[in-house]
Amino acid sequence: QQQVKQSPQSLIVQKGGISIINCAYENTAFDYFPWYQQFPGKGPALLIAIRPDVSEKKEGRFTISFNKSAKQFSLHIMDSQPGDSATYFCAASGHNFNKFYFGSGTKLNVKP
Amino acid sequence: KAGVTQTPRYLIKTRGQQVTLSCSPISGHRSVSWYQQTPGQGLQFLFEYFSETQRNKGNFPGRFSGRQFSNSRSEMNVSTLELGDSALYLCASSPGQGAEVDGYTFGSGTRLTVV
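As you go down the protein sequences, you meet chains S and E in turn.
Going by our numbering, the first residue of the first sequence is number 1, and it counts up by one from there.
Going by our numbering, the first residue of the second sequence is number 113, and it counts up by one from there.
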């Protein structure tokens, strides 16, 4: 059973547009929700993370929106740039933080 | 400071052989986790080691094993390789205590191809 479901699988956005990637989870014991960015040939890199006691977290052009009652969270990339073209993964873990469940990934292509 | 180092970067092995992959975590990090990444299954958790002890394990067969040394370096071993073991194997390190989880850092991975 997939613990974290991610959509869409791929996304094409024009430069300057907003990219939105969504994730949903089932396990209410999860309490840490990071987003990772992965470029070809590289390992995933932590982009931004949120805990369920807040509904939104913003870092630069990246924002996580979190809806605890719906068990959903999303990544918004404002003013998307070609350099943002990468694969994005959402993830979740419990309070012990020593096992992460990842979404299936979204391949983002930002057109110049 | 140096990041997570995984060696080798690429490996080609024959079905039935065994393979050992190595991971050197960020200095001071005591937790090392291993993940398998494939196009079909995405990122799947293999196991996590903290202070030389396996603290958590994913749903992989016993052919997949690992260990951690006193200097926090970790190795994972896959025995009796199958074609389906072809994947990118990623190692991630963190300080290992919950409040510092934002320090979870991945290496660039080892690309294993089984022929």
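These are calculated hints, taken from the structure and not from any lab test.
Some hints here could point you the wrong way.
To be verified - Here are the simulated DSS-like pairs of lysine-lysine, each with C-alpha atoms no more than 25 Å apart in a straight line:
(1) LYS15(S) - LYS57(S)
(2) LYS125(E) - LYS5(S)
(3) LYS99(S) - LYS169(E)
(4) LYS111(S) - LYS42(S)
(5) LYS111(S) - LYS68(S)
(6) LYS125(E) - LYS42(S)
(7) LYS68(S) - LYS57(S)
(8) LYS15(S) - LYS58(S)
(9) LYS5(S) - LYS99(S)
Status of each hint after checking the structure:
1. Of the supplied pair hints, the one linking LYS15(S) and LYS57(S) holds, its CA atoms being roughly 23 Å apart against a limit of 25 Å.
2. Restraint check for LYS125(E) and LYS5(S): not satisfied, since their Cα atoms lie roughly 33 Å apart, outside the 25 Å limit.
3. For the suggested pair LYS99(S) and LYS169(E), the alpha carbons sit about 8 Å apart, so the restraint of at most 25 Å is met.
4. Between LYS111(S) and LYS42(S) the CA atoms are separated by roughly 22 Å; this keeps the pair inside 25 Å, and the hint holds.
5. Using a Cα cut-off of 25 Å, the hinted pair LYS111(S) and LYS68(S) is violated, with the two alpha carbons roughly 33 Å apart.
6. The straight-line distance between the Cα atoms of LYS125(E) and LYS42(S) is roughly 22 Å, inside the 25 Å bound, and the hint therefore holds.
7. For the proposed pair LYS68(S) and LYS57(S), the alpha carbon gap of about 14 Å is at most 25 Å, so the pair holds.
8. Straight-line distance between C-alpha atoms of LYS15(S) and LYS58(S) comes to about 20 Å, which keeps the hinted pair within the 25 Å bound.
9. Annotation: proposed proximity of LYS5(S) to LYS99(S) holds, straight-line Cα distance about 17 Å (limit 25 Å).
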